[in-house]
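Quick note, the sequences are listed as chains E and B, same order.
Numbers 1 to 391, taken from the working numbering, label the letters of the first sequence in order.
Numbers 1 to 239, taken from the working numbering, label the letters of the second sequence in order.
Derived coverage of chain E by chain B (criterion: at least 3 residues anywhere in the stretch with Cβ under 8 Å from a Cβ of chain B; other residues may be distant):
hint: 1; stretch: 5-18
hint: 2; stretch: 214-220
Some chain B residues judged to face chain E by a derived CB distance under 10 Å, without partners named:
hint: 3; residue: R45
hint: 4; residue: S74
hint: 5; residue: L85
hint: 6; residue: E93
hint: 7; residue: L101
hint: 8; residue: R102
hint: 9; residue: A146
Hints in this document: simulated from the structure, not taken from any laboratory.
C-beta atoms are modelled at their ideal positions from N, C-alpha and C, and glycine is treated no differently.
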Amino acid sequence: MSFGPVVLVALKELADAFRDRRSILTMAATALLGPLLISFVLNQRAVQKGAIERIDVPVAGAERAPELVDWLRRQDGVSIVAAPKDAEAAVRGRGMDIAVVIDDDFPADLARSRPATVRLFTDSTRAAGGPKAQRVAALVDRFGAEVAAQRLIVRGVSPEVAAPIRLEQVDVANSQQRGATLLSVVLSFLAMAIITSAMQIATDSTAGERERGSLEALLLNGTPRWQLAAGKWLAASAAGFAGMILTLATLSWVLSRLSLEQLGVRIHLGPHELFLLALAMGPLALLLPAIQTCLACFARSYKEAQSYAVVLIIPVVAAGALLTLYPIADAAWAHAVPLLAQYGAGMSILGGKPVSAAALAGAGLEAVGIAIVLVGVVARMLATERIVFGR
Amino acid sequence: MIRVENVRKRFSRAAAVDGVSFSAADGRVTGLLGPNGAGKTTTLRLACGLMKPDAGTITIDGADVASDPQLAQSRLGVLPDASGLYGRLTAREHIRYFGALRGLRGAELARRVEHWIAALGLATVADRRVAGFSHGERTKVALARALVHDPQNVLLDEPTNGLDVASTRAVREVVRGLRREGRCVVFSSHVMQEVSALCDRIVIIAAGRVVAEGTPGELLAATGVTSLEDAFMALVGLQ
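If we strip away everything but chain E, and leave its shape as in the complex, we get (with noise of 0.2 Å):
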């Protein structure tokens, strides 16, 4: 048994996928666009969350409701700017997120005790607007729920005979598990970056190999076929390798120039972390690829190998969605599911808990081991004729 052809082949692949251009900017941009796409969205939450602690308050007619004003500007991080006179078109164009415009008639209501009209304009289009005006909202119904109490006092009434229930909500997540949907998120862009990586290598050294008229030379050489199958699953796998570290480095860049605490997220992404990750996920690197380069030997043709390789990206965002909608990381059954196995560990590895390295190793060596069947049923389909010279 000799695996200086595998080599050969896996070589010759690596060096046919990495001239075409296509093949480096699928990487390249998987690479990127997961790690930009996160830094995105957390910077978008970040900057949502800051523009609700500190808001400036267009308010329009002012002067007809100066407790209102004072006490909204006693309020902490909260400015009261002028609006201008057409607030509502001010808002329609775009110029502001929120505006309060006092009604006409709001002194006179207030006086006898009628409800008195405060409009808040928003566009509910637009993200920035929607966080500003709940909190402006919510700070309007305390101050009419004091000016109420002042009332029923004044009527010697108690105010709470008009408070029947008091909701306590209390969130118990820990700022980990607040951390557990990006986490999922983070680890399935780690998956796709493998799919995305390996699908040239995995479709164009099987089907393409055959839709050129390449396959029947290659095959007439001599070489045993797991040989030839297992070089084109080693190529796709280092590909797809490659396209994970890349990910991964640039998702470390992105996340250490993000403030998480902030944002009340803690991921931990250190040397340390980032070698276990790798060593975590890299048997994905070996069983994505082998499923890919399976099912592109069934395809009839090079476009329905790369429909086929790409369908591969719903299990593993499913598998992190799952993840991230029911505890079922730390169960064993889930220990022992491919893809739950490693996003298990990776889950555990950024969130700073434990890992056994028996668990990772149980894991890790399962995902080679379905990969090798993999390979095994590729060498078969390369020893079919159905296969070798199409349908």
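Based on these hints, arrange chain B on the given structure of chain E.
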């Protein structure tokens, strides 16, 4: 030496090869002549072990293709029907890759690669990617990659199909060279002139069967006509 004995191959619709027998001797060019769809390509695919026959045996220098394809293939160089290339590799890389897969290494590999680049007149384009190659240049690369390991037996499936005059002559020169070296060459074609120009022995196949076999002279004598073309037409039943 290639021996094909009573080989049959059925596809779902019909029998593609229906009891073909012939042998091709060393130092001879054996022509496999027949109209399109006669079963030539299937016969060659069976002979090189890409397909398994339903019945019958094929041996390459005594090695049974069905039971030991690896040994048989090591004695065989094939220009298959589909001889596509890798567009992003150069001509030299193609020949090197296949030589290395055949187990050649180091100086020996380099020597064989250079030999075939020179023999097929590929020197000026050897380091260019084959994506831009003409049909003739592509065929030469495919031929070089089939012959890089100096096989004793050579199967060529319609090697001159669609080639211009210069490339056709280059291919013929290679075939004559192989014959001089005492190798066994099987050459399939549906073009009369190709076969008569090159082959010592002709096996005429029609509808999956061997309808005649012999030297060009014997075929003429058997049919009682004066041109090989008439003999071919008579033998495959088109006249």
